[in-house]
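Taking mature numbering (1 follows the signal peptide of the UniProt record, and there is no 0), I'd label the letters of the sequence shown as residues -21 to -1, 1 to 125.
Zero decoy hints are in this set.
Once the Cα atoms are required to be at most 30 Å apart in a straight line, the calculated BS3-like pairs of lysine-lysine come out as:
no., residue 1, residue 2
1, Lys68, Lys124
2, Lys23, Lys7
3, Lys124, Lys61
No lab work stands behind these hints: they were computed from the structure. None of the values given here were measured: they were computed from a predicted structure.
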Amino acid sequence: MKNKNVILILLLILGSLWSFSACQPNNKETAAQKELDQAGENLKDAAQNTKEALRIERDALATELRRQGEEIDQAIAELDRKMEKATAKEKIRWEERRRALERDRLAIQEDLNQVGENIEEGWAEFKNDVAYRMERIANDLKTNKN
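Construct all of the structure, not just a fragment, from the sequences and the given hints.
In structure tokens form, the structure reads like this:
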């Protein structure tokens, strides 16, 4: 009988220890979960920061495209004024120049439309292409200040 009581007491002690430990959260698991939650928050913050940086970059590029479009419009208006008083030979040259500027203006407008779209993949390549085109147009405008 004593053995039965001892075994029963041991079983009760083991059972209560087991149930007590099963109800208590494991400190390592809790710490790991907190780290996982923090990593998730950090990832969300990084994604938000990247999205904001991309928006700022798009806005800056759109502003530059609009500015260059205005410069092209001014150059076209200046050519139109010159053509009013130009000789036939000069008119031909300036009409060719005007068509080239109109093509550049159209390219700038297309770029501006694409900036408004949600381009995420290929953004760097698009931005580099636009920068190259803008530089070429700016140099062309400087060179041909007739």
